[in-house]
Structure formats: C-alpha cells, structure tokens
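Number of protein chains: 2
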Amino acid sequence: MKNYRIGIFGLGTVATGVAKILKEQSHIYAEKFAVSFEIVQVVVHNLDKKRDPKTSGLTISDDPKTILDNPDIDIVIELVGGKTAAKTIIEKSLKAKKHVITANKDLIASQGRKLSRLASENHVGLFYEAAVAGGIPILRALSTSLASDDIEQINGIINGTSNFILSQMRQKQMSYHDALTLAQEKGFAEADPTNDVDGIDAAYKLQILADFAFGKQINQKDIQMGGIRTITQTDLQDVAELGYEIKLLANATIIANKLALSVEPTLVPKDHPLASVQNENNAVFVTGKYAGGLMFYGPGAGEFPTANSVVADLLSLVNSGDRPAVFNSHPDSEVSLAGPKDRIASRYIVLTVTNRPGAMHKLSAFFLMSNINFRNIRQYDPIGETTRVVIITYPASDAQLNPVKTTIKQARGVKIIHEFKLLIEPKGGQRD
Amino acid sequence: MKNYRIGIFGLGTVATGVAKILKEQSHIYAEKFAVSFEIVQVVVHNLDKKRDPKTSGLTISDDPKTILDNPDIDIVIELVGGKTAAKTIIEKSLKAKKHVITANKDLIASQGRKLSRLASENHVGLFYEAAVAGGIPILRALSTSLASDDIEQINGIINGTSNFILSQMRQKQMSYHDALTLAQEKGFAEADPTNDVDGIDAAYKLQILADFAFGKQINQKDIQMGGIRTITQTDLQDVAELGYEIKLLANATIIANKLALSVEPTLVPKDHPLASVQNENNAVFVTGKYAGGLMFYGPGAGEFPTANSVVADLLSLVNSGDRPAVFNSHPDSEVSLAGPKDRIASRYIVLTVTNRPGAMHKLSAFFLMSNINFRNIRQYDPIGETTRVVIITYPASDAQLNPVKTTIKQARGVKIIHEFKLLIEPKGGQRD
Ligand SMILES: NC(=O)c1ccc[n+]([C@@H]2O[C@H](COP(=O)([O-])OP(=O)(O)OC[C@H]3O[C@@H](n4cnc5c(N)ncnc54)[C@H](OP(=O)(O)O)[C@@H]3O)[C@@H](O)[C@H]2O)c1
Ligand SMILES: NC(=O)c1ccc[n+]([C@@H]2O[C@H](COP(=O)([O-])OP(=O)(O)OC[C@H]3O[C@@H](n4cnc5c(N)ncnc54)[C@H](OP(=O)(O)O)[C@@H]3O)[C@@H](O)[C@H]2O)c1
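Protein chains in written order, with full-length UniProt numbering: chain A, 1 to 432; chain B, 1 to 432.
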C-alpha cells in the first residue's frame, strides 16, 4: 500500500466534495490500486468561515507555507480559482516537485502549456480534467483514447448557465430576462452573468480543448465571440420551424488546414445529438478522421461531478508509474489560425427592413454583391413600419459576408439583428 | 524512438482499417510518443482472397505459427472473431509473453476475466476497447476516469442494427419487417438477424461493461433477455403519446446492493439523452454516485471507428510504462445478482382482451392480486372481438408480476402481448 500526502488549497464547493469522496471511497482505492490518500493540510482564505461538518478533522490554516514548505506533501490540489493566487500556488508547488491537480479553467486556458512545461521540467504531473465540462472525462479521452486519431472538429455545449437559459426559453416560452432570473434563483447564474452569457467562460474551456485536440495554446482574442443576450422567443421559434435549435456552442474546426475558433450562438440541426442537450448539462461533440462523431455528455459543474474529476486525476497520477505523467499528449503544433476567407459556413441572418416597395430587391442586391446565395428566405408580416426578414444562406466566408454587413450598416431602412452560423457537419469516420 | 513489432490475425474489415491507420498516422505517433509500429506478419484464413490495395506490402500467411512462434513479435492483434480459433490465438500469444489487442466481444464476454488473469501472469497486457460499442472509448473511461466513482447503473444502446431498425420504424412509419429488410440492404443486418434483434450481441457487450463497472464476470444466462421482433408501429405510437421511445437497452443496475442485468426493449422518457440516439449509432449512459449521469455516444461499428479503438489500445499499451498494463481496473467483486424480488421497475404492459362486459374489471383483479398499481391505462376501440389495453404500472417487482403473468396465461379472453420495463432513473451525482 502506497500512501500519498495531499495539501488542498481552498475548501469551497469542489474541495469539500474532494474531501468527502476521499473519505467515503478510501477502502475502494486501497483495494483497486493499493493506494491511500491523506489530506495533510488545507489552506483557506478565511479561517472563521463555517465548514461542512463532513470535513471536520481536517487541519486548516490560512498560511500557504503550511503546504508549500511542507516536504511531506506529494500532491497539491488547487481549488481556489482565479488567475493570481492560484498561479503562484501552482508554480511554487511544481518547483517544489509536488504534483498539482487543479480545476482552474481561467488560469489553465492561457497558461496550460507553459505550466505543463514547468511540471515536466520538474518531473511532476499537472492534471486538470475538472477544468473543462466538470464531471465529463473529455480531456483524458482526448489525451488517451483519441490520441490515435486526427481530430477535425470540436463542438461543445460547455457553459451550463447559458444552456440552461436557452433550454428554459425554449421549453417554457420564457423571455431571456425571465430565464436568466430563474437561473440566478437556482444558483446557476451569478448576479453579473457576463462570463456565462457572453461566452467568456466557454472560451476558457475552448482554449483548453483546442490545446488537447490540436496542440496549440490559443489566445482568447483569437476566438470569435458572441453571446446569447439578444436572442428572443421569436428567434427560437423561427429556427425551430426551419429544423434547428440555437445553442451557445464553442467551436474549433479545421477548415482547409487552418483552425477556426468561435464561441457563438450556433444553429444545430434538430436531429444532431447536441440539439437535445437540455438545461445545465454539458456535451462535447468530437469529430475524428477515424473515430467519426463522438459525443461526451454529462454534468458540467456541481460539487460531486467536479470533485470526481479531481479524484480521477489523482488516481491517474498515482497510476502513471515511471512514465512522466503527461496529461495533454498532443505535442506543440504549428497549425495556423483561420482568417476571414477560411471561415466558411451557412448563415442564419435576421434583419429588419423598412416596409417599402423594392425593399427585398435592395436587400438581395447587398448579398449578390458578395455572391452569397440564399437557401431559405422568410419575410414576415410587417409590424408598424418594419418587417422581419430571416435568411439562411448557402456556405459563405466571413470575407464574403463582412463587406455586406458594412454596407448594410451604412444603408438606410435595413438593420442586421443577428448573424449566426449553422453547425458545420464534417464527414469524419470515413469509410472507403 | 521505440519500435514495436506487430502480428495481426485476420485481414477483414477491422484489420484492414488498423493497417491503414498505422500507415497514415505513423509520423504522428512518432512525434507524440516516440514510438513506431511495424506490421511484421499477417495471418488470414484464405490466402487467395483479394485484399484492399492499400494493404499491399504486408507479409501474409495462413500459418498461425508465423506469428505465434516468431520471437520478434511483441504485440498480437486478434481480429478473426468467434470463440474457437481466437481463443487459441489469444492464449498462445499471452503464454508466449506477447501483448494482445482484440475486438472480439463474443470471446471476451465470457472469458475476459480469465484471459486478463493469464495476461497478468505473463506480465503482458490484454486490451479490447473495440469489443464494446466500436468507436466509443467507453471501457477506458470506466477503467480510468470513472475508477474514482462508484457506478450505480449502466444503460446502453449497444447494438447498432436493432437501433437502426427501431429508428427507421419510428422515423418512416415502417413495419419491423420492412425496416429489417432495409437494414439488410444497407449491410447493417445479416441474413439471419437473430444475434442483433434478439439481444444476444448486446448481451455480450453488457457482460464486458458489467465486468468493468462492477467487477464481475457475468454469464449470459444471468441476463434477462428480450428482443424487438414483435414490436409494431402501434407500440411505437402508443409509447410516443405517453412520452417515451422504445429502445433495445442493455441494462446493469444496482438495486438494493444487487446487480440486475437485462437486454430488453425499454421505455426511455423522450427528454432522456438515450431517447434521441438514432439509427446505427451507439450510446452508453453511465450513472455514478459522484459523477452523476454521463453519456458516451458514437459509431458502434465500422472499419475506421473500430480500428481507431484498436490503435488507441496499442498506444495505451506502449504508454503504460513499468506498470502492469491492466485494462480493467475493477478488482473481482462479490456483488450478488438480483432475484425476482429485486427487479423493481415500472412496466409497460400491452394486452388484448376479449371485448365483453366486466373485462377490465377481471383484468384489474389479476393485478390487484399482486398489489400492482396502475399509473396509466388506455383501452382502445375494439377491433373485431378484441380490444387493446395498454397499462403503465407504478414500480413493481418481477416477483409481484410473475404470478399475474401466469394467471393471465391460464385465463380465457386475455393475453399479454408485451411487458417492457421503463428506464430506471437513479439519482447519481447527488448534491448534499
Ligand atoms: N463549482 C463548480 O461546479 C466548478 C466546476 C468546474 C470547475 N470549478 C473550478 O474549481 C475551482 C474552485 O471552485 P469552487 O466552486 O470550489 O470555489 P469556491 O466555492 O468559491 O471556493 C473557493 C475556495 O478557495 C479559498 N480561497 C480563496 N482565495 C484563497 C487564497 N488566496 N488562498 C487559499 N484559499 C483561498 C476560499 O476560502 P474561504 O472558504 O476561506 O473563502 C474557498 O474555500 C475554481 O477554479 C472553479 O473555476 C468549479
Ligand atoms: N466490423 C465491425 O464493425 C466490428 C465492430 C466491433 C467489433 N468487431 C469485431 O472485430 C473482429 C473482426 O471483425 P471483422 O468485421 O473485421 O471481421 P471480418 O471482416 O469477417 O474479417 C475476419 C478476418 O479473419 C480471418 N480469419 C478467419 N478465421 C481465421 C483463422 N482461423 N485464422 C486466421 N485468420 C482467420 C479472415 O480471413 P480471410 O480474409 O482470409 O477470410 C478475415 O480476414 C470480430 O471479433 C468482430 O466481432 C467488428
């Protein structure tokens, strides 16, 4: 039986779950892997805070040195969050040759590759399964079972809050505002929901996914971003009639050997598995050249699902034997990022047009200018002076569309309300 | 760079895919893992058969000794199928201290634990990700990411043929017979579809899944079996109106600390992720005490998806370092099998009743006898002499239901057409 000594930073939602699982499952881990774990020290921010009674018995301090300077601690679990204190904790731990497990998407999103390098220089492991999609074991799957494959595309519902809001709007014909309020009441959304509804949280996770699938540390500024604040009941019903659902998707797609990244409302065909992911659940759809389309579905957050991913990392770390414990198996790659010419997709475009003879003629001229072809057009009965026009185009690039948008912005009597992409469905798992 | 020498038995669908992937991806594996693979020898049944031109250059023989007696071969890939020749091949390979990778569900279903023991006695690995759900990395997920959890339930759509048939019946209002013919035309079903439509193939895979999730080698006779041959359009429409889809599910559920196993048509609520799995796709829904409900979805068969799983095993094997390469991390367990009293579920029961005053009164007396409560009853307009009655019960055990079935069998004017269970939805991922 090998005993591992653990120091945990933080004793909030996830850390409390980790402490409980380690307590409840210890006999199982002993039997399965002949290992035991001992939480030697916990470091928190506020010593006076009341803790879950199930964590009583833990040694708690507010001094980071009690972990960082303790040579008896083999493994540090960072569950503080944020980019500042956590970064110091992780760097110091790795340099002290302690393995690190974290759930910190904010930090790993931009520093994952750098910190992993620091880990391997110090011959220790850095694992962070819980940072993406909480309880879903997607990172380890990409790093092991899909290491054999050539990933072509990733599309994920990886922000539970925004998916909850869109699902409730759809199921209960609610407004965005009411669904947001409900999400806040249920504890799924914070008072300031910006990170969730504008795609920032999903972009962090996409940065990590892209690193695992394509071997590239992504900057958030290279991700095309769009949020869900302006989506209305009318939009959801329009697209449903056309056979789609609107989902806030994180997308990483190889188009013509370039990597296109976005987090944006995306039209998903009704019969696609991502379309039926409801409420706060997450799902990541991965298309591999060989494996074809795989989807990993489950809870994207929550005390126990997230803590379970942390503990799975712990077991994986101690089971990795003499091999350097590398979490992300994808080597650095030189894939370049897609430009406006490469970003090709069908579009869903909603406009309001002043109701006047020749309005549609004028509108269609704008698109003709860039050779963009319509697959579907709906013009609705005018409300007052204006009429709503909904267009689905054939595949067109941003390079084609951008001048159209600029022209429309300058034109009178016409305004673009939305411009969302349709999900690209690659072949994958080709049979020849 | 470490070079591994491989011998492959078989050069059919999957083996051809493996040879192609190893050729196309070799530079990637060299870069990622500093390994190279060399297919030293292939053994087939019929030397005269024409092979895929992309496999030209391989050394092919019909003599098993060319692999088994070749001390230069480190790894044997068995892609012959069946229980006889394959068993000899695997046993001899392991005893010759060669690692083995196979996709052979028929054999592993009953011999998995025994063969794994033989492997570990000989300090080699035995991997078989492709044996369950083709391209979906479910076994490795259970063995690694979910090793930390306590699995409560597994429900899988793991026979693509029967799911294709049920999906087509549902989408196109086809009869079972027409959908089967279509499946045969598309190459999804064999001339004799017994293994697929009666649940035998799914049962093999369930045996393997149960071993990974619960640590028990299951006998096929301990699995309650039911097939899809007798399902009609009327059934699909009945259950749709009640809010369900009928799926051929493989189920392994812990009820009151006992393990209940079945492969049978099961009613899945429409908003459950398994309900929307269409056509030949597979999906395995796993409920863990901590992780909650996770679903793994993808292609359950096909040249490249299946071959990709084989190659993933290969990489996992060569990356396992000094640790004994154990594929199934669950130790032997003493969990006992559920008996009729433990098998508790709501039921969907379809009967025909001779249309006579008091018929429903008599029918309800049968169920009252066993204290079985109805949640939903529909009696349809009679066709000729008989009327169709559809009942959904509250949870009841087989022990309660069996005497009712026996009594009904002996009674006149009433006949049970179907008795399917409703999907049990466990809590899992509990938050407290
Ligand atoms: N919650 C989820 O479902 C979920 C899902 C996926 C990933 N994550 C990630 O997991 C991490 C932890 O999340 P959480 O929900 O558990 O957070 P939380 O409930 O807010 O807990 C944070 C903990 O960190 C402690 N802390 C804050 N600053 C500290 C410092 N400088 N030094 C030591 N301790 C400090 C706090 O101490 P006090 O208790 O004394 O205030 C608190 O115990 C975050 O990175 C989050 O993004 C969470
Ligand atoms: N196909 C799938 O999508 C799929 C999915 C999951 C799992 N699997 C499993 O993968 C395995 C292979 O399936 P498959 O579809 O590739 O089968 P297949 O196309 O029928 O190929 C079988 C191969 O085995 C060879 N063979 C038969 N008996 C042999 C013997 N005694 N010695 C040496 N070679 C022998 C055959 O040789 P000849 O070519 O000379 O006849 C043939 O090349 C099976 O266990 C199957 O259950 C298949």
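Be careful, since some hints might not be right.
Straight-line C-alpha distance at most 25 angstroms; calculated DSS-like pairs for lysine-lysine [unchecked claim]:
{"no.": "1", "chain 1": "B", "residue 1": "289", "chain 2": "A", "residue 2": "427"}
{"no.": "2", "chain 1": "B", "residue 1": "258", "chain 2": "B", "residue 2": "289"}
{"no.": "3", "chain 1": "A", "residue 1": "341", "chain 2": "A", "residue 2": "258"}
{"no.": "4", "chain 1": "A", "residue 1": "23", "chain 2": "B", "residue 2": "427"}
{"no.": "5", "chain 1": "B", "residue 1": "92", "chain 2": "B", "residue 2": "65"}
{"no.": "6", "chain 1": "B", "residue 1": "258", "chain 2": "A", "residue 2": "23"}
{"no.": "7", "chain 1": "B", "residue 1": "427", "chain 2": "A", "residue 2": "20"}
Derived from the structure by calculation, the hints contain no laboratory data.
Since the model is a prediction, treat every value here as computed from it, not as a measurement.
Verification of the hints:
1. For the suggested pair residue 289 of chain B and residue 427 of chain A, the alpha carbons sit about 36 angstroms apart, so the restraint of at most 25 angstroms is broken.
2. Our distance criterion of 25 angstroms between C-alpha atoms is met by residue 258 of chain B and residue 289 of chain B, whose separation comes to about 15 angstroms.
3. Only pairs whose Cα atoms come within 25 angstroms are accepted, and residue 341 of chain A paired with residue 258 of chain A is accepted, the gap being roughly 11 angstroms.
4. Distance hint between residue 23 of chain A and residue 427 of chain B is fulfilled; the C-alpha atoms sit about 21 angstroms from each other, no more than 25 angstroms.
5. Between residue 92 of chain B and residue 65 of chain B the alpha-carbon distance is near 10 angstroms, which keeps this suggested pair within the 25 angstroms criterion.
6. Taking the CA atoms of residue 258 of chain B and residue 23 of chain A, the gap is about 24 angstroms. The hint holds against a cut of 25 angstroms.
7. Under the criterion of a C-alpha separation no larger than 25 angstroms, the hint pairing residue 427 of chain B with residue 20 of chain A is consistent with the structure, at around 18 angstroms.
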